[in-house]
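Turn these sequences into a full structure, and let the hints steer you where they fit.
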Amino acid sequence: MNQFYLELAMTISFANALGIHPSAMEFRAKRAEVIANNLVNADTPGYQARDMRFSDAMKSVASPSVTLRTTRNGHIGGKLASPSSDLLYRTPLQPSLDGNTVDPEIEETNYMRNALEFQASFTFLNGKFKGLSSAIRGQN
Amino acid sequence: MSLYNVFNITGTGMNAQSIRLNTTASNLANAQTVASSVNETYKARHPVFSAIFDNAFLDKDQQGAFDADGGVRVLGIVESEAPYDLRYEPYHPMADEEGYVTYPNVNVVEEMTNMISSSRSYQMNVELMNTAKTMAQRVLTLGQ
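Here the protein sequences come in this chain order: A and B. Sequential numbering of the first sequence, starting at 910, is according to our numbering. Sequential numbering of the second sequence, starting at 14, is according to our numbering.
A few of these clues could be false.
Which chain B residues face chain A? A few, computed with CB under 7 Å, are given here [as the list claims (entries may be wrong)]:
1) Ser15
2) Gly26
3) Gly83
4) Tyr104
5) Met107
6) Met148
7) Leu155
Going by beta-carbon spacing under 8 Å, a handful of chain B positions derived as facing chain A [unchecked claim]:
8) Leu16
9) Ile22
10) Thr25
11) Ala44
12) Tyr135
13) Gln136
14) Met137
15) Val152
16) Gly156
These are calculated hints, taken from the structure and not from any lab test. Using N, Cα and C, we set each Cβ at its ideal position, and we do this for glycine too.
Okay, here's the thing in structure tokens:
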């Protein structure tokens, strides 16, 4: 009986079923925040525009960071720095005299594109859930 | 969820831009407010913006990444140090002994461009917020 439940749990593993799409959506949401921050600071002197790289985030999903095992209270669970959190600086095309490197048009298009890609990830994820629920119901 | 931080960020942006629009309105309203001495004359006011540096800009391992929100804030409002506009109008009731009237150092053309710029930035913030709202509403329909 236990074996049966174990196999059932193995079969319906959400992490396996949903694939990369939850992480992709999480990345898109974070990137929306970073780009919104750029746009809000379009008039701030000295502010430097930032962005994240999709490939870096996907790399860290493919190979999760290694953590140290903690067996006692005082132990510190160190881990390798994950590349997903790397906020890079955008290379400015034409920085302002006040040191601001935000180009509102570029940021705006990035934001809109990011929102579209978020919707794409959402659609993929929604399809996965629909597939799961039709598998549970056992009818077409 | 970090998507909701976009609302906080654009909120700070709208606040900052409306303060900027307020100072512009004050400057334009007082553009012709004359006085007979330099000390009593209105000075053009301008806000100073500064980015809010927060967790979002630290390493993920140092802080709970993206827990706090970023944005922009108004550090303060400074009075312009530009020279006053001294005009020789001896029959003006506010003229000093030598016949000069001090007009404020408000540059009307500069203020008009400031007004357009801040109004456009405000619109952009609203647009950002709307897009984030659409994204968040879309997530709520997951699995339906």
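Now the hints, each set against the structure:
1. Because the closest C-beta pair between Ser15 (chain B) and chain A is about 5 Å apart, less than 7 Å, the hint holds.
2. With a least beta-carbon distance of about 4 Å to chain A, the hint placing Gly26 (chain B) at the interface is held under the 7 Å criterion.
3. Residue-level restraint check for Gly83 (chain B) holds (minimum Cβ-Cβ distance to chain A is 4 Å; threshold 7 Å).
4. The criterion of a C-beta within 7 Å of any C-beta in chain A is not met by Tyr104 (chain B), whose closest approach is roughly 43 Å, and the hint is violated.
5. A least Cβ separation of about 36 Å between Met107 (chain B) and chain A goes past the 7 Å threshold, and the interface hint is therefore violated.
6. Look at Met148 (chain B): its Cβ gets to within about 5 Å of chain A, closer than 7 Å, so that hint holds up.
7. Because the smallest distance between the Cβ of Leu155 (chain B) and any Cβ of chain A comes to about 6 Å, under 7 Å, the interface hint for this residue holds.
8. With 8 Å as the threshold, the beta carbon of Leu16 (chain B) comes within range of chain A, its nearest partner Cβ sitting at about 4 Å, so the hint holds.
9. With a cut of 8 Å, the hint placing Ile22 (chain B) at the interface with chain A holds, because the nearest CB-to-CB distance is about 5 Å.
10. Taking 8 Å as the C-beta contact cut-off toward chain A, the hint placing Thr25 (chain B) at the interface holds, the least distance being around 6 Å.
11. Interface restraint check: Ala44 (chain B) against chain A, minimum CB-CB distance 22 Å, threshold 8 Å, status violated.
12. For the restraint placing Tyr135 (chain B) at the interface with chain A, the shortest Cβ-Cβ distance is roughly 11 Å, beyond the 8 Å limit, so the hint is violated.
13. Because the smallest distance between the Cβ of Gln136 (chain B) and any Cβ of chain A comes to about 11 Å, over 8 Å, the interface hint for this residue is violated.
14. Hint status for Met137 (chain B) relative to chain A: holds, with the closest Cβ pair at about 6 Å, below 8 Å.
15. Evaluation of the Val152 (chain B) hint against chain A yields a held restraint, the C-beta minimum of about 7 Å falling below 8 Å.
16. With its C-beta approaching chain A no nearer than about 4 Å, Gly156 (chain B) sits inside the 8 Å limit, and its interface hint holds.
The earlier numbered hints that this structure contradicts are 4, 5, 11, 12 and 13.
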